[in-house]
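Required output: the full structure, derived from the provided sequences and hints.
The letter at position 118 of the first sequence is residue 118 when you use our numbering, and the numbering goes up by one with no holes.
Hints were generated in silico from the structure; no laboratory data involved.
Everything hinted at is true.
Simulated restraints on C-beta separations:
(1) Lys391 with Gly236: 34 to 42 Å
(2) Arg201 with Lys43: 27 to 35 Å
(3) Ile281 with Phe374: 42 to 50 Å
(4) Pro304 with Lys57: 39 to 47 Å
These numbers come from a predicted model, not from an experiment.
The beta carbon of each residue, even a glycine, is placed where N, CA and C say it ideally should be.
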Amino acid sequence: MPTNEISKIFENFLEKESLFIEKKVLQASYTPEELIHRDEEIKQLAKILAPALRTEKPSNVFLYGKTGTGKTVTAQYTAAEITKISKEKNIPIIVVYVNCKLSRIADTEYRVIAQLAREFGKNIPPTGLPTDEVYKIFFQTIDHEKQLIILILDEIDQLVKKVGDEIIYNLTRINTSLKNSQLSIIGISNDLVFTDHLDPRVKSSLSEEEIIFPPYNAIQLQDILRRRAERAFKKGVINQGVIEKCAAYAAREHGDARRALELLRVAGEVAERNGEQQVTITHIDAAEEKIERDRVIDIVKTQPKQQQTTLFAIFSLYAEKKNVMYTGDVYDVYKTSCKKVGLQPLTQRRVSDIIGELDMLGIINAKVISKGRFGRTREISVAIPQSIKPKIITILQQSLNVD
DNA sequence: GTCAATTCACATGAAAGAGACCACGGTCTAGTG
DNA sequence: CTAGACCGTGGTCTCTTTCATGTGAATTGACGA
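Structure follows, in C-alpha cells:
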C-alpha cells in the first residue's frame, strides 16, 4: 500500500469528528462514581461491613448473581466508601481485591496467596517456594500490625473449581491463628449453585451472610445505559430507540449490564468507522455480530494446537453434513487429522475433556446423552453462527498448516 | 405385555508422571588487588 | 578474596496418561397373563 494512501486514512480519521466524548465510561473496567438500581444491595453490604469501623470482624459475605448484575461494582464501591471513612477516622482497615480468574494471575492456591502477599508489599517469586512457605509469609505480613482486612475474592467459583476449597478453608480459619489482625472475606460468584459442591464447613463459614443480586430488568438497564451514554457520547449522537434496543438485547440475556454497555460502545465504534454522525438501531445489530465474531475468532486463534485439531476434526465432520456427531466419530477424525498435522494424538480420555472445554467456550454444543443399548456419549454440534464458519475454518487451516 | 437384568460407549474421577519453570544454597572459576 | 557462573535439590504448574468406576436407557430374555 502506498504511503500516501495510508496517510490519507489517518487524515480522514482526524477530519472525522469523533462521536465519543469519553469512551472509557463504557468500558468494562470503568467504575461509575454512582451506582443506580443497586441501593438495596449496597445498603445490605454496608450493614454487614459496618462493624469493621469499630474494629470488630465483620461476617464473611457471599455475593451471588449472574454476570453483569453489578456484584463487583457494588463490592468495590462499598469497599471504597468504607476505606474512605476509615482513613478519615484513622481506623486500620485494608481492603484487598483479587480476581481469581482474570488472566491467570491468581488461579491456583499458590498464586492467590502470593498475590495477596504482594498486595501487602511482599515480593513473592512466581514459583519455586513451597506453598506453606507462602502462607507463612502472608500470615506474618498481615499479623505484623493490628488491622482489619477485608478480602474480596471475585469469581471465587472459578478458583474453587480449579483448585478445590482448601484455600477458602485455610483463609476462613486464618483468624484463629492471627493475634493482631483479623480477616473477613467477601466472596463473589456468578454460579448460583456453587456452594452446593463446597465442603459444609467451608460453606457455613464462608456464607455467614448472603446477598443475592437479581438481574436488571430492561427499564433499569435503560437507566444505566442512558446515564453512561450521556457522558460517553456527544449530544444528539444516539438515535431514538437505540438505548431501548440495547437494553432489550441485554435483558434477553439475563440482564447483563456489562454486555449492554459493550453493545452500545461497539455500536458507536461501528458508526464512527463508517463515518456516520449518528448511532442508529442498525448499528446495534452490526455490533452484536461483530462482538460475537471477534469473541469466537479470538478464542479459536488462541487455542493450543491440540484443541485446534480437535475443533478442526469437528468442523470436518460438520462439512460432511453431519449436524450432530458423537465423541467416537470426532476422535476417529481427530486421529487422522493429527497424522496430517504431524501431531502426536492424545488419548480419547483427554480429547473427551477437550470437547468439554470447547463446549464451555461456547464454540460447540456438547450434550451428554444416552443412546441406551448403544452407550453413552456426547452429542456434539457446532454452535457458532453460519456467517463466521468459513472464516473459522480458514483460521484453523492456516494455524495447522493443512487443507 | 411387563419387568428386571444386561450391555454399550463413553463420561467422569483420581492419581500419578513428564517436562517446563523457578528459588535457594553450595561449589567452582576467573578476575581483581 | 570475591563476584558471578554453574550445579543439584526441591518446589509449583500444566498437560497428559493410566487405571478405575459410573451411568442412562435401549435391548434382551424370563416370566406370567
